[in-house]
Amino acid sequence: MASVSLFPLFLFQLREWLVVLLLVTDEGCSGPAVNATLSAPIGPTAVPKLFEGNWAYRNSLSLQQAPAKGTWQRLFLPSFLLLSSTVLVTWIFKSDVAFGSDALRLAGSLLSLRLYKATGVEQWRSKSENRAVPVVMGGGSSSRFDELFQPSWSMDHVTYEGEVLKLKLDNYSGSGFSSKSKYMFGKTTIQIKLVGGDSAGTVTAFYMSSEGAAHNEFDFEFLGNTTGEPYLVQTNIYINGVGNREQRHSLWFDPTTDFHSYSIMWNKEQVIFLADETPLRVYKNKEKNGVPFPKDQAMGVYSSIWNADDWATQGGRVKTDWSHAPFVASYRGFEINACECPSAAAPAENFKRCSSGGATQYWWDHPVMAELSVHQSHQLMWVRANHLIYDYCSDYARFPASPPECERR
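Residues -22 to -1, 1 to 387 (mature numbering (1 follows the signal peptide of the UniProt record, and there is no 0)) make up the sequence shown, in order.
Source of the hints: derived by calculation from the structure; they are not laboratory data.
Among these hints, one or two may not hold up.
[Unchecked claim] For lysine-lysine, the following PhoX-like pairs were computed, each having C-alpha atoms within a straight-line distance of at most 20 angstroms:
1. Lys171 / Lys146
2. Lys330 / Lys273
3. Lys144 / Lys171
4. Lys246 / Lys264
5. Lys246 / Lys273
[Stated by the list, open to error] Label-pair restraints from in silico Cβ distances:
6. Arg122 / Ser372: 40 to 46 angstroms
7. Ala337 / Trp230: 40 to 46 angstroms
8. Gly335 / Asp124: 31 to 37 angstroms
9. Asp232 / Gln128: 29 to 35 angstroms
Even for Gly, the Cβ is constructed at its ideal location relative to N, Cα and C.
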C-alpha cells in the first residue's frame, strides 16, 4: 500500500527530531545511561566533512556544551503542532506517495530549522566537529598533484603555476590527467575554476571510472556556454557499461570566478555527488529490488577538457569559437580519502580489502554514511527544487517505462 512506503520516512524524521530535542535539553545530556551511550569514542581524529550534521555523528560527541536548560518548554507546543499536522498530511495524501513524502520532508525542514535557530545547536556543533568518531580512515589524503595524479594525454597542454595545475584546450588538442592508483570506496575531491567567458562547446570533466566494456563510472561534466549564460553540470552513472542516467543542474555560484570543490563519495550504500559539500545528487543501492549497484570494480580518478560542440551547448546548436582559445581549466586542492587497490588484485580481493572487518573499520562503512543527514537531505531538496534542469527519471519520452532505480520504494 502507498501509505506503508511513507512509514520509514516518517520514522526517520521522527528520530531526527528527537535527537535535536535531546541536544537542547539539559535533562537529555546527563545521567548514567546517556553518558554511557555517548561515551568518548576511539579512533583517529580526522573526520570527513560529510559527517557534519548527521545524527549518528552528533550522538558520538560528548554533550558538554549543550544549550541552556528550559529551551524545550519554548519549543514543545510548536513542535507538537507541527508533528501532528505532518501525521495528518501524510494520512490525507497516503494515496499520493510522492506528495506525501515531500510534505513530510518539508515539515521536517521547518521543524529542524526552528530548533536549530532557537537553540544555537549549529554553533555548538561547529565547536565539537573535530572530536573523534569510532572509525578509521582509509587511504591517504594529499593536496599535492604529483603524489596522486599524473598527466595522461597532451602533456604540452598541461602546465603548473605553483599549487595550481592548468589544463588547456585549443583547436589542436584537449588534455587530461589521471590518478596513479585505483580505489574502491571513499571520497575524492578536487577544486576547479572553470573556463571563463565564452566557453560554448567545451566540456570539463571530473570523474571516476574502472576499465573495460562493462566498466563502472561516476561523471561530473561541466558544459560550457556562451558569455553571460550559466554553466550547466551534467552527472551520469555507468554500471556494467550502461549509462543513460543523466541529470543536469545549474549552479548557485559562478564556477568561473573562483575555485569550488567538487566531490564524489562512494560506499556500498550510495554514491553522492557534491559541490562545495552540498549534495547535488544521490544514487542509492537498491540491489534488493533487482537494481545493479557499482561495488565490484576499483576505479581511477580522472579529469580532462575537450571539444564537444556536437552536443555540449544547447544540444550542439552553439559551436566552439576557436578565436577565444586556448580554453583553460584550473585545478588545486587534490584529495583522495579512499581504499587504494593493487593493480593486479581481483575484484573479490579488492572488495574484501576495502570492507570493514575485525580490527579494521573504515569510515565509509560506518552507519552514519549509509544515508544523508537531515541537513543534507534538506540541501538536496533545495537543489532539486531550484537547480535541477533535467532528470532522466522524468524523461518519459525517452523512457516510457520508468527505470527501476527511479521508483520510490
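Each hint tested on the structure:
no. : hint                                : verdict
1   : Lys171 / Lys146                     : holds (13 angstroms)
2   : Lys330 / Lys273                     : holds (11 angstroms)
3   : Lys144 / Lys171                     : holds (10 angstroms)
4   : Lys246 / Lys264                     : holds (10 angstroms)
5   : Lys246 / Lys273                     : holds (6 angstroms)
6   : Arg122 / Ser372: 40 to 46 angstroms : holds (42 angstroms)
7   : Ala337 / Trp230: 40 to 46 angstroms : holds (43 angstroms)
8   : Gly335 / Asp124: 31 to 37 angstroms : holds (33 angstroms)
9   : Asp232 / Gln128: 29 to 35 angstroms : holds (30 angstroms)
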